[in-house]
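Novice: Protein chains in written order, with my numbering: chain A, 1 to 110; chain B, 111 to 226.
Careful, some of the hints might be misleading.
[Unchecked claim] Label pairs and their computed distance ranges (CB to CB):
{"no.": "1", "chain 1": "A", "residue 1": "Gly84", "chain 2": "B", "residue 2": "Asp165", "range": "38 to 48 Å"}
{"no.": "2", "chain 1": "A", "residue 1": "Glu17", "chain 2": "B", "residue 2": "Phe164", "range": "44 to 54 Å"}
{"no.": "3", "chain 1": "A", "residue 1": "Ser86", "chain 2": "B", "residue 2": "Gly172", "range": "33 to 43 Å"}
{"no.": "4", "chain 1": "B", "residue 1": "Asn177", "chain 2": "A", "residue 2": "Gly58", "range": "26 to 36 Å"}
{"no.": "5", "chain 1": "A", "residue 1": "Asp62", "chain 2": "B", "residue 2": "Lys225", "range": "37 to 47 Å"}
{"no.": "6", "chain 1": "B", "residue 1": "Glu127", "chain 2": "A", "residue 2": "Arg16", "range": "48 to 58 Å"}
{"no.": "7", "chain 1": "B", "residue 1": "Val134", "chain 2": "A", "residue 2": "Ser59", "range": "21 to 31 Å"}
{"no.": "8", "chain 1": "A", "residue 1": "Glu17", "chain 2": "B", "residue 2": "Glu166", "range": "44 to 54 Å"}
{"no.": "9", "chain 1": "B", "residue 1": "Arg173", "chain 2": "A", "residue 2": "Gly38", "range": "25 to 35 Å"}
{"no.": "10", "chain 1": "B", "residue 1": "Gly207", "chain 2": "A", "residue 2": "Lys57", "range": "12 to 22 Å"}
{"no.": "11", "chain 1": "A", "residue 1": "Asp71", "chain 2": "B", "residue 2": "Phe164", "range": "30 to 40 Å"}
Think of the hints as simulated: they come from the structure by calculation, not from any bench. Here the structure is a predicted model, which means the values were calculated and not measured. We put the CB at the ideal spot given by N, CA and C, even for glycine.
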Amino acid sequence: AAGVIQSPRHLIKEKRETATLKCYPIPRHDTVYWYQQGPGQDPQFLISFYEKMQSDKGSIPDRFSAQQFSDYHSELNMSSLELGDSALYFCASSHNTEAFFGQGTRLTVV
Amino acid sequence: AQKVTQAQTEISVVEKEDVTLDCVYETRDTTYYLFWYKQPPSGELVFLIRRNSFDEQNEISGRYSWNFQKSTSSFNFTITASQVVDSAVYFCAYRQGSSNTGKLIFGQGTTLQVKP
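Excised from the complex, chain B in its bound form (with noise of 0.2 Å):
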């Protein structure tokens, strides 16, 4: 069976650092989907990414980036120059890739905290 794991259950950083969330997946799919989505305090989630098992560029959308490495079965998020606003819990997911219609399979949430 699928699985995805965040280790880090919590991160707690001062605003402009950079910080990287990690994100481990365990599968024996050869097609699939990779996201990330953020949930603000307000509860929402909201999508950030995603990435397909045979795309292993990594990306980069203002000060968020991402890099995804089959070899390692990782795909880690990184923010530059954390601001406050990006307090939030982030969530990795996996998706399988045999169809369009895949539930996701979360982690168990990454929460940041980003202080003045």
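Chain A with its partners taken away, still in its complex shape (with noise of 0.2 Å):
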């Protein structure tokens, strides 16, 4: 079955850098989420959108903003990349039950 594809699987950026990250949600799923995780943390949950408009936003800094496009897929932007910006991206997808989960994008910056 296909799962959510996110690309790159690996990122490093210098500080101050701009990086985009790309999630490919499972067909027929109409809520994207982005989530960070950092070392030794539980997920925490950045924006969301449904049906390609911006469904929910929680603690996403101001420096990153994400979109939905027509094909469903979502991209999250981060400019000005600071160190603390390390961590895991995942992106899910869902249809009305559970969100399944990408491999994650893993963003270091140096």
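Make the complex out of the two chains shown on their own, each in a separate frame, by following the hints.
Specialist: And the structure:
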């Protein structure tokens, strides 16, 4: 069965650079979520989209933005990267039920 | 506000032992969902189970079983005859039931180490 696809799997950026993370949800899933997981921490909700419209917003820094496109894929844009942005970023998708997660993008800011 | 607490930070057992992971939640919602996810060393989050607030039936899936008790606001997870492959971080999570698009609120996670 198709799963949530995230790219890239690993990303290394320098401070103050910009990063773009991509997410391709499971087909026919209408909701996409982004989570950030710091080392040894639980995933923290960033933002979600339902049918391409932002549906909820969590603790997402102003330096970050996201959108969902007409083909339902989503992108998380991160600017002016800081060392503290180093984390595992998950995308998840759902359709009325449980959320299924992608394998994550590990972002390292140096 | 809703909250999920997993009081056990780390648990270490020897293979074939049974182990229970505790999860307690706080909410004033009448409709909600509870979940368990597994995060193996490879890092992905794997869905294990979903329970809604109106269904207190316990569930068993192979060596896994879940005990949901609204009276104590608990949703505990038991692994019977643990195996080394069960070693992972396990997260309990909560979602409001008023919206199908609601975000997940995770507990702090319990790291389970199963030794051979």
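Novice: Take a look at whether the Cβ-Cβ distance between glycine 207 of chain B and lysine 57 of chain A falls inside 12 to 22 Å.
Specialist: holds, 20 Å
Novice: Take the C-beta atom of aspartate 71 of chain A and the C-beta atom of phenylalanine 164 of chain B, compute their distance, and say whether it sits inside 30 to 40 Å.
Specialist: holds, 36 Å
Novice: Within 38 to 48 Å: is that where the Cβ-Cβ distance between glycine 84 of chain A and aspartate 165 of chain B falls?
Specialist: Distance hint for glycine 84 of chain A, aspartate 165 of chain B holds at roughly 40 Å.
Novice: Using the Cβ atoms, figure out if valine 134 of chain B sits within 21 to 31 Å of serine 59 of chain A.
Specialist: Holds - the Cβ-Cβ distance for valine 134 of chain B and serine 59 of chain A, about 23 Å, lies within 21 to 31 Å.
Novice: Between glutamate 17 of chain A and phenylalanine 164 of chain B, is the Cβ distance one that fits in 44 to 54 Å?
Specialist: 48 Å Cβ-Cβ, so the 44 to 54 Å window holds.
Novice: Can the suggested window of 33 to 43 Å be confirmed for the beta-carbon pair serine 86 of chain A and glycine 172 of chain B?
Specialist: Once the Cβ atoms are compared, 37 Å apart, the range 33 to 43 Å for glycine 172 of chain B and serine 86 of chain A holds.
Novice: Is the gap between the beta carbons of glutamate 127 of chain B and arginine 16 of chain A within 48 to 58 Å?
Specialist: This hint holds: roughly 50 Å between Cβ atoms.
Novice: Could you say whether the range 25 to 35 Å given as a hint is met by the Cβ separation of arginine 173 of chain B and glycine 38 of chain A?
Specialist: holds, 31 Å
Novice: Are aspartate 62 of chain A and lysine 225 of chain B spaced within 37 to 47 Å by their CB atoms?
Specialist: holds, 46 Å
Novice: Do the beta carbons of glutamate 17 of chain A and glutamate 166 of chain B sit within 44 to 54 Å of each other?
Specialist: holds, 50 Å
Novice: Take the C-beta atom of asparagine 177 of chain B and the C-beta atom of glycine 58 of chain A, compute their distance, and say whether it sits inside 26 to 36 Å.
Specialist: holds, 30 Å
Consistency with the previously given hints is maintained throughout, with no hint failing.
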